[in-house]
Amino acid sequence: MKPPTSGGGVTCELPYNGSMLTNLLALLAVSGPILWLLRPHRWRHAGWLAAVAPAAVTAWLLGQLGPVSQGITLNEHYSWSQALGLALDLRLDGLGLFFGLIIAGMGTAIAVYAGYYFEKASTLGRFYALLFLFMASMLGLVWADNLLALFVFWEGTSITSYLLISFKLTDSNALEGARRALVVTGIGALAMLGGFVLLGQMAGTYSISGLLALPPNTFTGHALFVPMLGLVLLGAFTKSAQFPFHFWLPGAMAAPTPASAYLHSATMVKAGVYLLARLHPALAESPLWFWALFSVGGITMLLGAVIALRHYDLKAILAYATVSQLGVLVMLLAFDVKLATVAAVVGILAHALYKGPLFMVAGIVDHATGTRDIRKLAGLARSLPLVGAAAILAAISMAGLIPTFGFLAKELLLENFFALIESGQTQLGWAGLAATVIAGALFVAYSLIILWEAFLRRKPALKAAKIEHAPSALFVLPVLALTLVGAAIPFFLTAIENTLFAVPVAAITAAPAELHLALWHGWTPIFLTSLLAIALGALIFTQRERVRKLFASGIQVSGARAFDGLVDGLYALAGWSTRTLQGSSFPTQISIPLLAAAGVVIYAVSLNLVADLRIDWNAVPTFYEVVLPTLAIVATLAIARAQSRLSAIISLGLVGVVVLLIYVFFSAPDLALTQFLVEVLTLVLLVLVFYRIPHHAYPKQPKHRSMKYLLISLAVGVWGFGMALVAAGEPLFPLISDFFSLNATAAHGGNIVNVILVDFRGFDTLGEITVMVVAALGGYALLRASRMRPIKAEEDFEEPYDA
Amino acid sequence: MIALVFATLVAVLMASATYLLLQRNPVRMVIGLGLFTHAVNLLVFGTSVSHRGQPPIIVDKAAFNGDISQFVDPLPQALILTAIVISFGIVAFLIALLHRRNSLEAVESCTDRVDDPFAMEPAAALEAVDEDYEWLEDVVLKRELRKPKRTRR
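Protein chains in written order, with the working numbering: chain A, 1 to 803; chain B, 1001 to 1153.
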C-alpha cells in the first residue's frame, strides 16, 4: 500500500489510469468477510489485525493531502449502465479526501476498539464483516462522482447501518430502532433518488463534477428547481437526523457501542451533511436553500441540545448532542460564504474527534460497570484514570473550552454570525447568535454534567455501580489516541490549515481558499460571547436538577411514538381494506370486481363512445336467429326463478343447446361439436352429483340484500350489453386472423381453427391441457378423500404433545 | 340488428349468472358459473357474427388461392374452443368439491365445524376460515396418532 509519488503521472491534466480508489474499496469490502472467516474472537488482540486495512487506507489518503491541496484530483471511471447514465465514477477531491480521512481514521480506531469491546464474544466476526462493508460503502459515498452511484453507496450505508443496529437479534428495542432507522432513511433516500433524477435531467448529466461545472442558474432558474431541492433535502435531512426526522438516531443507539461511535456519530449521519456540502456550489445561491437549511438546522440544534438534558443514559445524552451538532453543521451550510464553510469543516472534524471518543468512553464504562446510567456512576476518573483522561479531554472539547478544537469550531461559528450582523443582516445575525449561545450553553452544561457526575464526584445519586472488570490499557488506547489528535490539532493550525482544512473548503465554495485560523484572537466580542455561553452553561449545570425536573414535566412529544403510530395505522389500513375487499363473504368478493368492470362501461357511456361503435345495423338476422336467443333468454330467466334443482339443470341444458345452435348457424362447426360433448358431460355430472346432495333449506335472504344483489346483477348485465355491442362493431385494428387463415396450408392443415390451436398457438393449448390435468387430479383427490371420513372429535383423542 | 340480439342475450345471461353466483346455495352457484361461461363465449363470438361466411375450413388445399374473404373469422372460434374446455374442467372440479363438502357434512360430529362459509355474515366468515380447517388438522393428527397405537397393540 505505497502512496504514489505526487509527480508520478498523477496530475490534473493527464488522465489518471490507476485504480487505487477502487482497490481500496475492494480491500475494505473483502477484508471484513475474511476477518469473519478467521474467527477473530479466538484472539485477544484481534482488533490490531483488523485495523490493518483501514490504517493502510488512512496512510494512503494522508499521502494524497499534498497533491490534492495543489488541485490534483484522481478520477476513475467504470461504465455500468450507459443507457441509464449510471457509471461507477470515483473521484478523489478535497471534500472526498477530508471525509475519507475521517472515515478511515476513525475506522482504524474503531476496529481496534471493537476487538476489546466484544472481548471474545463470537459475534465479533459478524461485526467486523458489517463494519468493513459499511466502511467501503461510506468511502464509496464520499468518493462517488456520479449521482446514481452515490445513491447506491448511500443505500449501502443504510443497509449496513440497519444490520448493525439490529446486531443483537434478541433485543426487541434494537429491532424496532433498526426498523425505524431503515424506514426513515430509506424513504428519504428514495425521495433523494427522485431529486437526483430531476437534477440529472436539468444538468444533462449524472456526473457530479460535470454538473458542478455548470453555472448555478442552470438549476436555480429551472422550473423544477423547488421539487428537486425538496426531494434532495429530504434525503439529506433524514440521513443526518434533522428535525422532524431526528428521532431515529437515539433509537439507533441500541447498536453495539463501536457502531454507535462510528456510524451514528462520526460518519454515516454526516452523509447528509456531506451531500449538502457536495451540492453546495450548485444550489446554495437559492434563497430557498438558505431558509430550509437555516431553519431546519437551527431547530435541530436547539431541540437536540434541550432533549439531551432530559436523559440519564450516557449514550442517549451523546445521541441528542449529536443531533444538535448535526443541526449546527446543516445551519452553517445554509450560508454561501467562506467563513461559514470553514466553520462547518472545522466543526465536522472537531465533532468526529470528540464525540467518537466520548461514545467509546461510554462503551468502556458500560463494559466495566455494566451500566450507562449516570445516576449510578461516580468517581470513574479515579478508578479508571486513563478513561477519565480521555473523557476529560473530549468533554472539554465538546463544551468548547479554550484551548480545545471544539473551542475553535465554536469561535468560527460565532464569528460567522458576527460577520452577518456587520454585513447588515442584523436580525438574522442576532437570531442566529442567540440560538448559538443557548445551544452552546447547553453543550457546556451537559459536558460538565457528564464529567462531574460520571467521573469526578465522589457519591452517585443512586446506588453506585461497581467496576466489575477494569479495561485494559490497550482497550483505552484508540480512544486516547483520537482525543490526543483532537487536542493537538489546535496547536498545529499553521501546519495543516492550508492542507487539511483549505482543501474541503475550496471544494465546497468552488473557489481556491487560503485560511488563517488561530486559537487566540484577543479579547474580541466573539471571545466574550463564548465566555457568556460558558458562564450560562455553568449556571445551568449548577441548577441541573431543577432544569431536569422542568424538562421532565414538559410535554413529551416523541417522534418515535408518532412514527410507530403511523406504521401501526398503515397496518390497520391494510387490514381494513383486506377485510372489506377480500376477507368477507364470497358475494362481496365477486361483487367488487364485477361492479368495477360495470363502472368502466358507464364511464365509457359518459364519454359518448356510443357514436364510435360502428355497428352494421342493417345485418338482418334470420327467423331462427331471433327465436333461438329468445328461447335462451326465457330458459335463463327460468333458471333464476327455478324452485327445483332438476328444472334448473334442464334449463341450463336448454341454454347450452341454444348456444350450440348459434355456433352452427354462424359457421363454427368445431365449436358446436365441442359444445355438444361438454354439454352432455356437464349435464350428466350435475345430475349424478346433485342427486346425491341432500336438500338444504337455505334461509331466505333478507329483502334488502336480495335487492342489492339484483341491482348488482343488473349492472353486470348492462356491462355485458355494452361489451357485446363493442365486440360486434367493426374492428378498430387490422386482424391477426388473416395471417392464420392465409398460412394455414403452410402448416399442412385445412381446418384453420385446428391449425391455430395445435400449431400457431400450440402453447395456449398446452396451457389448456395443463389446466385440465390439474382439475382432473384435484377432482380425483377430492373424490378419493370422500372415503376418508373425519373421526368423531372427542372419542379417542389424546394429547398430541404429551409424550 | 344481429348485434342487438346478441347483446341482449349476453346481457341477460350475465345478469342471471351474477344473480345466481351471489346466492347461498352452492348448486345455484355452479349453475351460475355455467351460465357465465356461455355469456363470455358468446361475447367473444359476437366479434365474428357481422361477417357471415363459410366455416373456416380449406377443403381443397391444392386449389386454395389465398381467397380468405369467404371464411368467417377463425380466431374467436379458436379462443372459444379453449375456453369451453377449460370452463368444463373448472365446473367439473367444482362439482367434485361440492360432492366432497357434502360427504363431510353427512358426518354428524363435523357438521358444527364445517359450516357453509357462504351462509355467514361477513364478520363471522373471517373467523370461520380458521375453524374450517380445524377438522382437517384433527383428522390428520388423529391419523398420525392412530398409526403407532395400532402397531403397539
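Check before you lean on any hint, since a few could be wrong.
Some chain A residues well away from chain B (every beta-carbon gap over 12 Å; in silico) [said to hold, decoys possible]:
{"#": "1", "residue": "Asp366"}
{"#": "2", "residue": "Leu477"}
{"#": "3", "residue": "Phe551"}
{"#": "4", "residue": "Arg645"}
{"#": "5", "residue": "Ile736"}
Have a look at the derived ranges for each label pair, beta carbon to beta carbon [said to hold, decoys possible]:
{"#": "6", "chain 1": "A", "residue 1": "Leu783", "chain 2": "B", "residue 2": "Ser1069", "range": "48 to 58 Å"}
{"#": "7", "chain 1": "B", "residue 1": "Asp1067", "chain 2": "A", "residue 2": "Gly599", "range": "43 to 53 Å"}
{"#": "8", "chain 1": "B", "residue 1": "Ile1090", "chain 2": "A", "residue 2": "Gly599", "range": "53 to 63 Å"}
Computed footprint of chain A on chain B; a stretch qualifies when at least three of its residues, placed anywhere within it, have a C-beta under 8 Å from a C-beta of chain A [as the list claims (entries may be wrong)]:
{"#": "9", "stretch": "1008 to 1016"}
{"#": "10", "stretch": "1025 to 1031"}
{"#": "11", "stretch": "1035 to 1047"}
{"#": "12", "stretch": "1061 to 1071"}
{"#": "13", "stretch": "1077 to 1085"}
{"#": "14", "stretch": "1094 to 1103"}
No wet-lab data here; the hints were simulated from the structure. Here a beta-carbon is modelled for each residue, glycine too, at the ideal position from N, C-alpha and C.
So, going through the hints one by one against the coordinates:
no. : hint                             : result
1   : Asp366                           : holds (46 Å)
2   : Leu477                           : holds (60 Å)
3   : Phe551                           : holds (47 Å)
4   : Arg645                           : violated (6 Å)
5   : Ile736                           : violated (7 Å)
6   : A:Leu783 - B:Ser1069: 48 to 58 Å : holds (50 Å)
7   : B:Asp1067 - A:Gly599: 43 to 53 Å : holds (44 Å)
8   : B:Ile1090 - A:Gly599: 53 to 63 Å : violated (26 Å)
9   : 1008 to 1016                     : holds (count 9)
10  : 1025 to 1031                     : holds (count 5)
11  : 1035 to 1047                     : holds (count 10)
12  : 1061 to 1071                     : holds (count 5)
13  : 1077 to 1085                     : holds (count 7)
14  : 1094 to 1103                     : holds (count 8)
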